[in-house]
Amino acid sequence: MVKVFGQYLLFLQSMLVRKERVRVLWNRTLDEAVSIGIDSVFIVSIVAAFIGAVTCVQIAYNLTNPLIPKATIGFMVREMTILELAPTITSIVLAGKVGSSIAGGLGTMRITEQIDALEVMGINSTSYLVFPRILGAIITFPLLVILAMVLSILGGYLAGTLSGALSAQEYIEGIRDAFIPYNITFALIKSVVFAFLVSSISAYRGFFTEGGALEVGASSTTAVTHSIIAILVGDFVLAYTLL
Amino acid sequence: MIEVHNVHKNFGDTPILRGITCTFETGKCNLVLGGSGTGKSVLLKCIVGLLKPDIGSITFDGTIFTNNKIEIRQEIRKQIGMLFQASALFDSMNVFENVEFPLQMLTPDMSKEERRDRVEFCLKRVGLENAGLKMPSELSGGMKKRVGIARAIAPNCTYLFCDEPNSGLDPLTSIKIDELIYEITHEYGITTVIITHDMNSVVEIGDHIVFLHKGLKLWDGTKDEILNAQVPELKDFIFSSSLVRAAKKVEQEGGTIETSVGEPIQGE
Chain W
1 MVKVFGQYLL FLQSMLVRKE RVRVLWNRTL DEAVSIGIDS VFIVSIVAAF IGAVTCVQIA
61 YNLTNPLIPK ATIGFMVREM TILELAPTIT SIVLAGKVGS SIAGGLGTMR ITEQIDALEV
121 MGINSTSYLV FPRILGAIIT FPLLVILAMV LSILGGYLAG TLSGALSAQE YIEGIRDAFI
181 PYNITFALIK SVVFAFLVSS ISAYRGFFTE GGALEVGASS TTAVTHSIIA ILVGDFVLAY
241 TLL
Chain E
1 MIEVHNVHKN FGDTPILRGI TCTFETGKCN LVLGGSGTGK SVLLKCIVGL LKPDIGSITF
61 DGTIFTNNKI EIRQEIRKQI GMLFQASALF DSMNVFENVE FPLQMLTPDM SKEERRDRVE
121 FCLKRVGLEN AGLKMPSELS GGMKKRVGIA RAIAPNCTYL FCDEPNSGLD PLTSIKIDEL
181 IYEITHEYGI TTVIITHDMN SVVEIGDHIV FLHKGLKLWD GTKDEILNAQ VPELKDFIFS
241 SSLVRAAKKV EQEGGTIETS VGEPIQGE
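Going down the list, the sequences are from chains W and E. The numbering of the first sequence is UniProt numbering, which starts it at 1 and goes up by one. The numbering of the second sequence is UniProt numbering, which starts it at 1 and goes up by one.
Quick caveat, the hints were computed from the structure, so don't treat them as lab data. Using N, Cα and C, we set each Cβ at its ideal position, and we do this for glycine too. Please note that the accuracy of each hint is not assured.
Below are the BS3-like pairs computed for lysine-lysine, each with C-alpha atoms no more than 25 Å apart in a straight line [unchecked claim]: (1) LYS19(W) to LYS78(E); (2) LYS112(E) to LYS134(E); (3) LYS214(E) to LYS235(E); (4) LYS124(E) to LYS19(W); (5) LYS112(E) to LYS19(W); (6) LYS52(E) to LYS19(W); (7) LYS124(E) to LYS78(E); (8) LYS19(W) to LYS69(E); (9) LYS78(E) to LYS45(E); (10) LYS52(E) to LYS214(E); (11) LYS112(E) to LYS78(E); (12) LYS124(E) to LYS176(E); (13) LYS52(E) to LYS69(E); (14) LYS3(W) to LYS235(E).
Pairwise CB distance ranges, derived in the manner of DEER restraints [to be verified]: (15) ASP13(E) to VAL4(W): 20 to 26 Å; (16) LYS214(E) to VAL4(W): 53 to 59 Å; (17) ILE43(W) to LYS112(E): 35 to 41 Å.
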């Protein structure tokens, strides 16, 4: 365990020494950001909208006390979405999609000697392959989380109003009530940390794949599992320290 | 010239290379010959820096490569071209981009037009001038090897390493790939090191041959000397090939073996 963690830290360090030219890295980062971001918009949108809708319906189902105003439903959807659901669930979804893609891609490059080919050319393979992926994830995760926030709250609005659980006026009133801007900052900090964890853990798992196609699949699975655990642990640590 | 001095490499407690000392000469096709599991590929990986020898040193034209500063190792690596066993072409790039890649990375001062000209020249040199837009998945095994060679020579490499260039190819394509490597080596005065267990390659292109057995260098010499070498392990290896047995018989008893490629094997 300690050995693996040490190897992971050395792996991260290796991409910062002997960096490739800025222009090359910038172009690669943009490519990766587009690949991670655009390809994930659909799944993130679907998940976020339905989570918002379900959250709204379930809160409405539980709030039966007539003394509690119905606007509280909107308030709770907003708080849950911004503080937890949008950054954490989106990152877990992305761990499955982006994490497996990064680990599978690098694992395949490893077993087909493409990484060796880069090293033989004198190119720092971690700097060229891994650094742009991590940077691309750090750029796109917060954007996807913002999108998830908007769609989740919108999903709650549609589910709440169409099911008749509350009126549009009540939902909007709840959404605007006692808004704390820091919560947005907190959610974005979480998304950046989760982006780093997902991309670096997945890259590490893929980069050190040994064997054949079976091991590439195993690396992808391990990458996703470890990324999700890291997200959950990171979520607790960040909530404990920053709230 | 590449000098390998007393190189040892263990994987765990298993010794793979046991004190290999040999020299690979400039402008020649240097073959590392041996059966499976004798440490040929490990030796190659040690030479190009993908593995670090436990003991011993490797020198490129007088400059020590092992345990030297990373900057010096990088400079040497930029002069290395390598053809991998499975070609190792980048899946996400087409043939043109694969060949252009080392130029983009290693020669930033080169203009786009110069790069294009160089890539076209290299592709033409390996006979693939019309395959630039194909993806690696659309190529045959022989074509992949050719693209691998074009990519290796694109940045004007000084040292060319080929890890079993004939593996997975039919005999005719193997000979063509061998001839291409041989021509390029002599045309550009490159120091070429080829890992092989193919006796046809030895007969066709082996200027200088090093024979490995169980991690030890048992013999080195030229292709003219190899048939008369007095090393039992090497004899076993050589004469396991029926073609070589036939050639030896022809040499001793007279006659000719004619093929559509290469020189006819002529007896006395």
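To see whether the hints hold, each was checked on the structure:
1. For the hint pairing LYS19(W) with LYS78(E), the CA-to-CA distance comes to about 15 Å; that is within 25 Å, so the pair holds.
2. Restraint check: the Cα-Cα separation between LYS112(E) and LYS134(E) comes to about 20 Å, which is no more than 25 Å; the hinted pair holds.
3. For the proposed pair LYS214(E) and LYS235(E), the alpha carbon gap of about 15 Å is at most 25 Å, so the pair holds.
4. Between LYS124(E) and LYS19(W) the CA atoms are separated by roughly 33 Å; this puts the pair beyond 25 Å, and the hint is violated.
5. Restraint check: the Cα-Cα separation between LYS112(E) and LYS19(W) comes to about 23 Å, which is no more than 25 Å; the hinted pair holds.
6. At most 25 Å may separate the alpha-carbon atoms for a hinted pair to count; LYS52(E) and LYS19(W) meet this at roughly 22 Å.
7. Distance hint between LYS124(E) and LYS78(E) is fulfilled; the C-alpha atoms sit about 23 Å from each other, no more than 25 Å.
8. For the hint pairing LYS19(W) with LYS69(E), the CA-to-CA distance comes to about 16 Å; that is within 25 Å, so the pair holds.
9. Proposed proximity of LYS78(E) and LYS45(E) is supported: the alpha carbons are some 16 Å apart, at most 25 Å.
10. Between LYS52(E) and LYS214(E) the CA atoms are separated by roughly 19 Å; this keeps the pair inside 25 Å, and the hint holds.
11. Taking the CA atoms of LYS112(E) and LYS78(E), the gap is about 20 Å. The hint holds against a cut of 25 Å.
12. Between LYS124(E) and LYS176(E) the CA atoms are separated by roughly 15 Å; this keeps the pair inside 25 Å, and the hint holds.
13. For the proposed pair LYS52(E) and LYS69(E), the alpha carbon gap of about 14 Å is at most 25 Å, so the pair holds.
14. At roughly 47 Å between alpha-carbon atoms, LYS3(W) and LYS235(E) are farther apart than 25 Å, so this suggested pair is violated.
15. Range check, ASP13(E) to VAL4(W): Cβ separation about 22 Å, and the 20 to 26 Å hint holds.
16. The hinted range of 53 to 59 Å is not satisfied by LYS214(E) and VAL4(W), whose Cβ atoms lie roughly 34 Å apart.
17. At roughly 38 Å, the beta carbons of ILE43(W) and LYS112(E) sit within the given window of 35 to 41 Å.
Hint compliance for this structure: hints 4, 14 and 16 are broken, all remaining hints hold.
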